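> Please take these sequences and the hints and turn them into a complete structure.
The listed protein sequences correspond, in order, to chains X and Z.
Numbering of the first sequence is given in numbering that gives the first Met the number 0, commencing with residue 0 and proceeding in unit increments.
Numbering of the second sequence is given in numbering that gives the first Met the number 0, commencing with residue 0 and proceeding in unit increments.
Keep in mind that the hints are not guaranteed to be accurate.
With a straight-line Cα cutoff of 25 Å, these simulated SDA-like cross-link-like pairs (lysine to any residue) come out [what the hints assert, rightly or not]:
| no. | chain 1 | residue 1 | chain 2 | residue 2 |
| --- | --- | --- | --- | --- |
| 1 | Z | Lys89 | X | Val10 |
| 2 | Z | Lys89 | X | Ile166 |
| 3 | X | Lys106 | Z | Asn178 |
| 4 | X | Lys106 | Z | Phe290 |
| 5 | X | Lys102 | Z | Lys167 |
| 6 | Z | Lys315 | X | Ala164 |
| 7 | Z | Lys89 | X | Arg142 |
| 8 | X | Lys163 | Z | Arg292 |
| 9 | X | Lys106 | Z | Cys138 |
Which residues of chain X face chain Z? A few of them, derived with a C-beta cut under 7 Å, are [to be verified]:
| no. | residue |
| --- | --- |
| 10 | Ala30 |
| 11 | Asn31 |
| 12 | Ala164 |
| 13 | Asp165 |
If you only want the chain Z side, here are some residues facing chain X, beta carbon under 10 Å, derived [said to hold, decoys possible]:
| no. | residue |
| --- | --- |
| 14 | Asp75 |
| 15 | Asp88 |
| 16 | Lys125 |
| 17 | His127 |
In case anyone wonders, no lab produced these hints; they're calculated from the structure.
Only a predicted model underlies this, so the values are computations on that prediction, with no experimental measurement involved.
Glycine is no exception: its CB is placed at the ideal position from the N, C-alpha and C atoms.
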Amino acid sequence: MVRTAKRFVFVASLGPLAYLGWGAWARALGANPIETITRETGVWTLRFLLLTLAVTPLRRWTGWNDAIRFRRMLGLFAFFYGSLHLTTYVWLDQFFDGAAIIKDIYKRPFITAGATAYTLMLPLALTSTAGMIRRLGGKRWRRLHRLAYGSAVVGVVHYWWLVKADIRPPRNYAVILGGLLAIRLLAAWQKRRPAPTAAGGRS
Amino acid sequence: MLTRTASGIRSSEITDEGLYLRRREFMLAAAVPALAAAAGFSRAVTLDAAQAAPGQIPNVRKSAYTVNEERNTYGDITSYNNFYEFGTDKADPARNAKNFRVKPWTVKIDGLVNNPADYQLEDVIKPHALEERVYRLRCVEAWSMVVPWVGFPLGDLLKRVEPSPQAKFVEFTTLADRNQMPGLRSAILNWPYVEGLRLDEAMHPLTILAVGLYGRELPNQNGAPLRLVVPWKYGFKSIKSIVRIRLVDKQPTTAWVAYGPQEYGFYSNVNPQVDHPRWSQGSERRIGEFFKRKTLMFNGYADQVAGLYAGMDLRKNY
Numbered sequence: 000m001v002r003t004a005k006r007f008v009f010v011a012s013l014g015p016l017a018y019l020g021w022g023a024w025a026r027a028l029g030a031n032p033i034e035t036i037t038r039e040t041g042v043w044t045l046r047f048l049l050l051t052l053a054v055t056p057l058r059r060w061t062g063w064n065d066a067i068r069f070r071r072m073l074g075l076f077a078f079f080y081g082s083l084h085l086t087t088y089v090w091l092d093q094f095f096d097g098a099a100i101i102k103d104i105y106k107r108p109f110i111t112a113g114a115t116a117y118t119l120m121l122p123l124a125l126t127s128t129a130g131m132i133r134r135l136g137g138k139r140w141r142r143l144h145r146l147a148y149g150s151a152v153v154g155v156v157h158y159w160w161l162v163k164a165d166i167r168p169p170r171n172y173a174v175i176l177g178g179l180l181a182i183r184l185l186a187a188w189q190k191r192r193p194a195p196t197a198a199g200g201r202s
Numbered sequence: 000m001l002t003r004t005a006s007g008i009r010s011s012e013i014t015d016e017g018l019y020l021r022r023r024e025f026m027l028a029a030a031v032p033a034l035a036a037a038a039g040f041s042r043a044v045t046l047d048a049a050q051a052a053p054g055q056i057p058n059v060r061k062s063a064y065t066v067n068e069e070r071n072t073y074g075d076i077t078s079y080n081n082f083y084e085f086g087t088d089k090a091d092p093a094r095n096a097k098n099f100r101v102k103p104w105t106v107k108i109d110g111l112v113n114n115p116a117d118y119q120l121e122d123v124i125k126p127h128a129l130e131e132r133v134y135r136l137r138c139v140e141a142w143s144m145v146v147p148w149v150g151f152p153l154g155d156l157l158k159r160v161e162p163s164p165q166a167k168f169v170e171f172t173t174l175a176d177r178n179q180m181p182g183l184r185s186a187i188l189n190w191p192y193v194e195g196l197r198l199d200e201a202m203h204p205l206t207i208l209a210v211g212l213y214g215r216e217l218p219n220q221n222g223a224p225l226r227l228v229v230p231w232k233y234g235f236k237s238i239k240s241i242v243r244i245r246l247v248d249k250q251p252t253t254a255w256v257a258y259g260p261q262e263y264g265f266y267s268n269v270n271p272q273v274d275h276p277r278w279s280q281g282s283e284r285r286i287g288e289f290f291k292r293k294t295l296m297f298n299g300y301a302d303q304v305a306g307l308y309a310g311m312d313l314r315k316n317y
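Laid out in structure tokens, this is it:
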């Protein structure tokens, strides 16, 4: 059941890429296709990050424990679209102009933020395998993977800083992310209060 | 000041032929075919939008002010627009301005002029011979196009209304009609949109009021029925759907300067040496091209307009 659902989610998660591929082929990505590809891959990175961060609250609220089995895949799709986003910038936008890219990262706050958000995702993707979880140990692994919060926050800042005037789209992401982080703070606060039984193992 | 013989193209703008012929090798070596197709596609977009396009304008004469560069397609020019009154996405204006009513249209010309009045649009345009001007358009967002406008020099209109000697600046205002412009519901900018020019910039022969595009009446999303075109300044200076032209003695506070004075200046001349905090202004992507091109000082119009700014520090007066 979960296996089938996972297959379905996997295929669905490739939807945005399929759309861009089709649009490129059909020449349907607008007058500035590079901009469209950059924006779509960036926005989908954020969406997958937020979906990943929504898994644990969803599990708590619904008691549907199998939800956790989707988390790694969603997180890796965030990394996947983030990588496409970065590739689009380095390749299609800057065309491997190293000097221009370094100047951009240094001079433009929103690019600095974007580069940071991506860098924070790297160790998470590299330690996403079962083997790495074993090697690191659950506790250290979980602590490391709190970087996901940082990446999402910096990612939303990246989006916020790049818009020229209409901050409504990044604001929506900020509100959702704020909600997801608030749920965690609340949970952590409740946990710290003396509980009758200490049920370990829940993240 | 302006040399009419200049065709607007310099030898430095012409790509070395060998390099030009090898451009596909770069593309093929570098790009996944699908992405390359995506990047290079827009030139191939057909003129299908033209079938639904507004009417042809009669008696448009050719002009010496024509850049000898490939023009962007009608489809590109009419589907990729910054016109925040109709939404902030580039595709919004084409969608949301479909039913925008541009007839009848009145332009108030007032302030420090001898002939202030509410002019019917026809009376604004009629005394002037319309000509086609093929100009580069450089957006502050680091993309550019080449657009064949139809219009007439703003200076000719100003001479008709006779600015008084105290007039130093011209202030332009866009219509702000909440019933027709959904973008006004959010306070993104301080509506109505306001722009301004120094009087000598306004009188410069390159500065035109445009009423058409590709020989046809201006589509709504491009600023119908009357817009400014100042080709050596960033696109946002070329204000759309003008309802008021006011001659004043003080520098007007423009919409973008009011929004972010540390980001936008009154002059906003295209200047590859002065970066915007968000965008490098050293290069630009011509819509329809894969590789970026170097941005030219005053958008390539330095020979004609640099004199307007002699002695000014363009880093301060950005």
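> Does each hint hold? Answer for all of them.
We went through each hint and held it up to the structure:
1. Proximity of Z/Lys89 to X/Val10 is assessed by CA-CA distance (about 30 Å); at most 25 Å being required, the pair is judged violated.
2. Between Z/Lys89 and X/Ile166 the CA atoms are separated by roughly 15 Å; this keeps the pair inside 25 Å, and the hint holds.
3. Taking the CA atoms of X/Lys106 and Z/Asn178, the gap is about 41 Å. The hint is violated against a cut of 25 Å.
4. With a C-alpha separation of about 22 Å, the suggested pair X/Lys106 and Z/Phe290 falls inside the 25 Å cut-off, and the hint holds.
5. Among the hinted pairs, X/Lys102 with Z/Lys167 is inconsistent with the structure: their alpha-carbon atoms are about 40 Å apart, more than 25 Å.
6. Of the pairs offered as hints, the one joining Z/Lys315 and X/Ala164 holds, with about 23 Å between alpha carbons and a cut-off of 25 Å not exceeded.
7. Distance hint between Z/Lys89 and X/Arg142 is unfulfilled; the C-alpha atoms sit about 42 Å from each other, more than 25 Å.
8. Distance restraint check for X/Lys163 and Z/Arg292: the Cα-Cα separation of roughly 22 Å lies within the 25 Å cut-off, and the hinted pair is therefore satisfied.
9. This hinted pair checks out: X/Lys106 and Z/Cys138 have alpha carbons roughly 20 Å apart, not beyond 25 Å.
10. With a least beta-carbon distance of about 4 Å to chain Z, the hint placing X/Ala30 at the interface is held under the 7 Å criterion.
11. Because the closest C-beta pair between X/Asn31 and chain Z is about 6 Å apart, less than 7 Å, the hint holds.
12. With a cut of 7 Å, the hint placing X/Ala164 at the interface with chain Z holds, because the nearest CB-to-CB distance is about 5 Å.
13. A distance limit of 7 Å between C-beta atoms decides the matter here; for X/Asp165 the minimum to chain Z is near 4 Å, and the interface restraint holds.
14. Checking Z/Asp75 against chain X: minimum C-beta separation of about 4 Å stays under 10 Å; hint holds.
15. Interface restraint check for Z/Asp88: the shortest CB-CB distance to chain X comes to about 9 Å, inside 10 Å, so the restraint holds.
16. For Z/Lys125, the suggested interface contact is broken, since its CB lies about 34 Å from the closest CB of chain X, more than 10 Å.
17. The interface hint given for Z/His127 is broken, as the beta carbon of that residue sits about 31 Å from the closest beta carbon of chain X, more than 10 Å.
In summary, the structure is inconsistent with hints 1, 3, 5, 7, 16, 17 from the numbered list given earlier, while agreeing with the others.
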